[in-house]
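Asks: Sequence:
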Amino acid sequence: MVFVSGEQDKYNYIFPRPQKDEFWEDKFYILKCRYKESDLVSFYKENKNGNEDISISKEPLFEREEYSLKIGEDGIKISASCDEGVFRALTSLRQLIRKGKGRVMYCDVHDKPAFKQRGYMWDISRMRKPKPEYMLKIVEMLAELKYNEFHIYIQDFSFKFEAFPQFTADYDCLTAKDIREIDAYCKERFIEFIPNINGMGHMESWLATEKFAHLAVTPDTMNFLDPQAFELMDKIYGSLLPNFSSKRVHIGLDEALGLGKGQTEEECRKKGKEVVFMEWLNKLSDLCRDKYGKTVMFWDDMIIHHPKCLSMMPKDAVPVEWGYETISTQLIVENCAALEKCVDKFYVAPSDCTCFGLTGRWDVTENNIRTMAEVGEKHGAFGYLLTHWGDPDHPHNMVWGYLQAVLAGQYCWNPGYKQQGGWRKNYFVYNSEDFLDEFMFGGEKVSRWLRYLSNYFLLEPERLAVSTMCANCMYMPITEKVKTDFFDVATYGGRWHFDMLIRYMNEGVEKVSCLDFDEIHKREIIVNCRMVVAGAMMYIIKSDPKSAKEIAKELVPLLQWITSEHTFLWLNRSYEKGLEAFLGVLSDRLEEAKRFL
1 MVFVSGEQDK
11 YNYIFPRPQK
21 DEFWEDKFYI
31 LKCRYKESDL
41 VSFYKENKNG
51 NEDISISKEP
61 LFEREEYSLK
71 IGEDGIKISA
81 SCDEGVFRAL
91 TSLRQLIRKG
101 KGRVMYCDVH
111 DKPAFKQRGY
121 MWDISRMRKP
131 KPEYMLKIVE
141 MLAELKYNEF
151 HIYIQDFSFK
161 FEAFPQFTAD
171 YDCLTAKDIR
181 EIDAYCKERF
191 IEFIPNINGM
201 GHMESWLATE
211 KFAHLAVTPD
221 TMNFLDPQAF
231 ELMDKIYGSL
241 LPNFSSKRVH
251 IGLDEALGLG
261 KGQTEEECRK
271 KGKEVVFMEW
281 LNKLSDLCRD
291 KYGKTVMFWD
301 DMIIHHPKCL
311 SMMPKDAVPV
321 EWGYETISTQ
331 LIVENCAALE
341 KCVDKFYVAP
351 SDCTCFGLTG
361 RWDVTENNIR
371 TMAEVGEKHG
381 AFGYLLTHWG
391 DPDHPHNMVW
401 GYLQAVLAGQ
411 YCWNPGYKQQ
421 GGWRKNYFVY
431 NSEDFLDEFM
441 FGGEKVSRWL
451 RYLSNYFLLE
461 PERLAVSTMC
471 ANCMYMPITE
481 KVKTDFFDVA
491 TYGGRWHFDM
501 LIRYMNEGVE
511 KVSCLDFDEI
521 HKREIIVNCR
531 MVVAGAMMYI
541 IKSDPKSAKE
551 IAKELVPLLQ
561 WITSEHTFLW
571 LNRSYEKGLE
581 AFLGVLSDRL
591 EEAKRFL
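In this note's numbering, the protein residues as written are 1 to 597.
By construction, these hints were calculated from the structure, which means they are not laboratory data.
Where hints are given, some of them may not hold.
In the DSBU-like style, the derived pairs of lysine-lysine whose C-alpha atoms are separated by at most 30 Å in a straight line are [claimed, not checked]: (1) K341 <-> K247; (2) K235 <-> K247; (3) K549 <-> K99.
Computed spacing ranges between beta-carbons, pair by pair [said to hold, decoys possible]: (4) P557 <-> D286: 53 to 61 Å; (5) K308 <-> R595: 32 to 40 Å; (6) L136 <-> R103: 31 to 39 Å; (7) A163 <-> K445: 45 to 53 Å; (8) A176 <-> P557: 42 to 50 Å; (9) P242 <-> K549: 54 to 62 Å; (10) P557 <-> E210: 36 to 44 Å; (11) D290 <-> T209: 26 to 34 Å; (12) S328 <-> T567: 31 to 39 Å; (13) E510 <-> P219: 38 to 46 Å; (14) P242 <-> D363: 41 to 49 Å.
Every residue gets a Cβ at the ideal spot worked out from N, C-alpha and C, and that includes glycine.
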């Protein structure tokens, strides 16, 4: 029986699903060589020149990642224009060999990515500073998924800047040597390692120091009109950028909420905020290009609604269109259409929606990842960048972002059929689960539980932008009932929603506990689920004060256990510095809960 791409999407022979593939289910080529179980790079190095089974030919008209893979009675034939195309082809072939057990199905595959650049961005600031060895594990997964960019977002002192040794003198974090080693590891896998560091907003760590406090317009926005701000950025770039072989740098510039205030007010009134912004963008772009040999990327939210500004943009700068929530996802069509008309290249950037949620919010992120790919492809986006953020103190473990990284890997390589109304492309999700279960969880069916448990927020009585009610409760005094822009505790009296939510999470944890997979991953999943349960318990106390003592009897030992478990798991994969932030939150809630006993 022959299966053609699109006819039987449940047949997941190669992931991400190729653009065009045809498989003969009842015909097999028997392998002559023995292929030992090895990592992807070793497999590539051993087979890139061909062997008794594999013949490799050059096809100069192919794009750099384009390849063809044909398997028949004459063996395995690969065509590509360069090493990168061969690497992608062998990545696909390795999947078939691992599934075939000594034989591989006849096939005819012609494949290339929908987006030229496909990246994953990891926020290594916001308190949690991952250790290099864990970062390499994530890079390995990205290579299997055919990503070709890996970005790290640096907002605070999570890197030992040579120009500012005093800020990281008393703790461990990434060093220049670490960056160079990660860069080399990425390069072996045809992945470009790109730094992302802000230069206007989100500068609170720098502006909180005595040395740079005078540059603050607001606690997080820098007065870039001061010449010392430019000197600061030059020193930051000088310490960081030479360690990356990439010729690009993401300079941030999003959410500069202080622009037009304080020291920048008069200049913005004269010229307009958008013009002042563009002048700074050009200044940083010139610095990065002329001194450090890098072209810039930047978040476009400060200018997307000012089309005239796009004409002031540096010719080689690349805007990144981001939007993570349900409403912002709806605006992507309009924004991408505007960028398509005005710039040569732009990226679209969805999120895995793990920040502010303790686990994640699968229902939101699935739509965001899919829509960004479909709309980006329609309007000619050059790149696709999935983001993993750590706001506020990075209590969520990275495991909650794995499935999103896999699904986004599919969508940025091949978004599939054009949308015809209601089809949700569910098999992309199911195939993503299969891939992740095999790659990360030893074949156990863990991924579906990640999806189910991260949808806990749908049981809450109110949907919040960016966050969840249970996550918010972790950051609110237990007795606080103040009406906020998010929700009003008094409106939802009773405990029905949260009793149901607690049962849902507890039963899910029981199911996960019974699965046989990596113990650290299992504990990471469970501790974040228990945080959600703790948040739900606090909400019950808020809405039903008479239950406070009853709930506190369970809440106190739960918070004590979370504190211990979170500490152990944090230190397993991340440096210690930053852990104290969320431990402080847990300590405050614990002391409040004890008062009810």
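Asks: A separate judgement is required for each hint: does it hold in the structure or not?
Replies: Now for the hints, and whether the structure bears them out:
no. : hint                      : verdict
1   : K341 <-> K247             : 26 Å, holds
2   : K235 <-> K247             : 18 Å, holds
3   : K549 <-> K99              : 55 Å, violated
4   : P557 <-> D286: 53 to 61 Å : 58 Å, holds
5   : K308 <-> R595: 32 to 40 Å : 58 Å, violated
6   : L136 <-> R103: 31 to 39 Å : 32 Å, holds
7   : A163 <-> K445: 45 to 53 Å : 49 Å, holds
8   : A176 <-> P557: 42 to 50 Å : 44 Å, holds
9   : P242 <-> K549: 54 to 62 Å : 60 Å, holds
10  : P557 <-> E210: 36 to 44 Å : 42 Å, holds
11  : D290 <-> T209: 26 to 34 Å : 28 Å, holds
12  : S328 <-> T567: 31 to 39 Å : 35 Å, holds
13  : E510 <-> P219: 38 to 46 Å : 44 Å, holds
14  : P242 <-> D363: 41 to 49 Å : 43 Å, holds
Hint violations for this structure: numbers 3, 5, all remaining hints satisfied.
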